[in-house]
Amino acid sequence: MGFKETGVLTLQDMVKAGLMPTEERLRKGPVALLECPEQIPCNICVSACPFKAISMDKVYDLPRLDENKCIGCGVCVAKCPGLAIFVIDISKSDKAYITLPYELLPRPSKGARVKLLNREGKVVGEGIVVKTWEYEKTWVVTVEVEKDLWFDVRAIKVEGV
Amino acid sequence: MRDYRIIEHPIIDFRRGRKVSFTYNGKIVEAYEGESVLAGLYAAGFRVFATSPQGDRLRGAFCMIGRCSSCLSRVNGIPNTRICIEPVRDGLVVESQNGIPDIPLASGENERVVEEVKEVDVLIVGAGPAGLKAAEVLGARGLRVLVTTDHFRAGGQLVKQTHKFFGDTTYYGGVRGFKIAEKLISNLSKNPNVEISTRTFVYGYFKEGFFGAEKIGERSVNLIVKARYVIVASGASERSLLFENNDLPGIMGAGGAQTLMNEYGVKPGEDALVIGSGNVGLIVAYQLLQAGVRVHGIAEVLREIGGWFVHAAKVRRHGVPIYTGHTIVRAEGKDRVEKAVISQVDRDFKPVPGTEKEFNVDLVLLAVGLQPNYSLLSQMGVLMKYLPEAGGLIPLRTKHMETSFRNVFVAGDLSGIEEATTAFIEGEIAAYTILEREGFADAIEKRGRILDYLWNEYRQSPVVQRSRDAKLKVTVSEEEMERLRR
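Protein chains in written order, with this note's numbering: chain A, -2 to 158; chain B, -1 to 484.
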């Protein structure tokens, strides 16, 4: 079953759509994953990127990432209307860092322990929030997770106070 | 008594107005200025508002935008009032109406109706994305524009869209829908050429180019409008779906729930099931999560998710299952939904016995498509075509959005169900065509560029192929339209 049936993207889907950065680039440090596999008419990420690392000819093209220009700053994470961009950092030896958009309550805070949810919303572990910032009510949250979860964790559940 | 208002929301800061009180069936209900009577009652815990015409079935809220007949009530003695677009105010006397009402007695209210004649350059029926955008373009060039909406607030469905819009920054891409509405309305309010008339229902077209509009207010006015051009941008209404007990209170249009939670900040329920996985269903499911409602699932009759993957992924990663190949077969409950049952369907979309799944929910949201609000066009005799894939009866138009009625234009969902970005664009195209006729030299070139973007770029996206094809079927050449007019 493909993502049109499941609503869940696989690594193969990303590769097939030409959206996957090279392994070499992934190992170097934080980089954006544009998880946008359909040709929707939208180019907000192109104008959002301060480093002009994302490009598109027509408004409905799939976004192309210049992985050498991308520094993994996460501005696109906050601005993507589809909440479809994540910044992944697997350059450290034991942990992975996932930067994701968050638009629910309660608001996350730095240092908080949160539940890690995979692409189907299943709890796959716990992680620590290491950074948060907000843009137009979209929180951009970086969580530290077990390294092998870098492609699985796509949401967090913040426990109420 | 419990207050169902949302205090803290991740996206919207609800700024409530002054406290007012009115009576409902003799009981005092407190609400906030800016709320509709229905929203105020919902916040106070009322869920049943009327009965079927025969009086034997209960009616809850359904469309929340003044289109369906679920909330017909008696307000200050006037029956058949849609309380979803009736603003709360002090001292209002609201009574629920059971079945067909008696003829209203001649009241003081009726006697106060006065007539007013207004001449404008352009009458725009509808204050949603298409109407407001057209008004902006026309007003900027000094044309006198009257925009009408039957709601007491302009903005149409934009005011309840909490997501950042897709597209290009030219058409507000990256800006949340309700923020776009605020921006457009604030711009228009600074332009003395543009008047937005709320609570104004354009009820008919008359000889010699006159339109009749009912403007409701402290002093109700029968507004007779003479306009040289008209843009009808009256939007669309939600469809229902056939299944057992589909009228139980708690079953409402997806937009009905959006209105409650995003326009008024009232929680529509605690546990929801969404029917339909088009973008509307997916987006409303996400908005329910943001409003603190548990979403038990989304049922989709087709084998694939209908809407965009990115919208589906947003709800999937928060644990919302999407049941493709499923439809709702019945709802159960005494005087409101308590349970909903979905079932797998076979290749002919017939439920497969033994595959039922039950959900204990108090809210079932139908996101199964929209139909254009074409009644005014129909009364005018505008030529239409039946196109199920675009929502039903759709007005024929030229690519400049002009109908078979010369100088009468259409834009937005009324002209075939699509979405807000194309509604902005169609509004602009209609407006530039009017400007061309008014002798503005740059109008043709501006319109040409917009048309090129719309047809040769935006609508070339494979994910909007279906609406592009539908719109092509109702778009005729100038020559063909001339022939049809004769």
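Among the hints, a few may not be true.
Chain B residues, not near chain A, derived (Cβ > 12 Å throughout) [what the hints assert, rightly or not]: (1) 7; (2) 11; (3) 72; (4) 94; (5) 111; (6) 162; (7) 164; (8) 166; (9) 174; (10) 188; (11) 222; (12) 305; (13) 314; (14) 381.
Here are the simulated DMTMM-like pairs of lysine to aspartate or glutamate, each with C-alpha atoms no more than 20 Å apart in a straight line [stated by the list, open to error]: (15) 154(A) - 242(B); (16) 337(B) - 434(B); (17) 49(A) - 242(B); (18) 177(B) - 145(A); (19) 112(A) - 58(A).
Please keep in mind that the hints were generated in silico from the structure rather than gathered at the bench. Values in this document were obtained by computation on a predicted structure and should not be read as measured data. Beta carbons: idealized from backbone N, C-alpha and C, even for Gly.
Hints and how they fare:
Residue placement check: residue 7(B) does not keep its beta carbon more than 12 Å from all beta carbons of chain A (closest about 8 Å). Consistency note on residue 11(B): stated as away from chain A, yet its beta-carbon is not over 12 Å from all of that chain's, at 9 Å minimum. No beta-carbon of chain A is positioned within 12 Å of the beta-carbon of residue 72(B); the least distance is around 39 Å. Its beta-carbon lying about 34 Å from the closest one in chain A, residue 94(B) satisfies the requirement of being farther than 12 Å from that chain.
Against the 12 Å criterion, residue 111(B) stays outside the reach of chain A, whose nearest CB is about 44 Å from its own CB. Distance to chain A contradicts residue 162(B) as a non-interface residue, since its nearest Cβ pair spans about 4 Å, not more than 12 Å. Residue-level check failed: residue 164(B) sits 4 Å from the nearest beta carbon of chain A, not beyond 12 Å. Taking the minimum C-beta to C-beta distance to chain A, about 6 Å, the non-interface status of residue 166(B) is violated against the 12 Å cut.
Distance check on residue 174(B): its Cβ comes as close as 7 Å (rounded) to a Cβ of chain A, failing to clear the 12 Å threshold; non-interface status is violated. With a least beta-carbon separation of about 24 Å from chain A, residue 188(B) lies farther than 12 Å from that chain, consistent with its non-interface assignment. Against the 12 Å criterion, residue 222(B) stays outside the reach of chain A, whose nearest CB is about 42 Å from its own CB. A beta-carbon of chain A comes within 12 Å of the beta-carbon of residue 305(B); the shortest separation is about 10 Å.
The claim that residue 314(B) is not at the interface with chain A is violated, since a C-beta of that chain comes within 12 Å of its own (minimum 4 Å). With a closest Cβ-Cβ approach of about 30 Å to chain A, residue 381(B) is found to remain outside the 12 Å limit, as its non-interface label requires. Of the pairs offered as hints, the one joining residue 154(A) and residue 242(B) is violated, with about 37 Å between alpha carbons and a cut-off of 20 Å exceeded. For the proposed pair residue 337(B) and residue 434(B), the alpha carbon gap of about 57 Å is over 20 Å, so the pair is violated.
Distance hint between residue 49(A) and residue 242(B) is unfulfilled; the C-alpha atoms sit about 54 Å from each other, more than 20 Å. With a C-alpha separation of about 40 Å, the suggested pairing of residue 177(B) with residue 145(A) is violated against the 20 Å cut-off. Of the pairs offered as hints, the one joining residue 112(A) and residue 58(A) is violated, with about 35 Å between alpha carbons and a cut-off of 20 Å exceeded.
In this structure, the hints that do not hold are numbers 1, 2, 6, 7, 8, 9, 12, 13, 15, 16, 17, 18, 19, in rising order.
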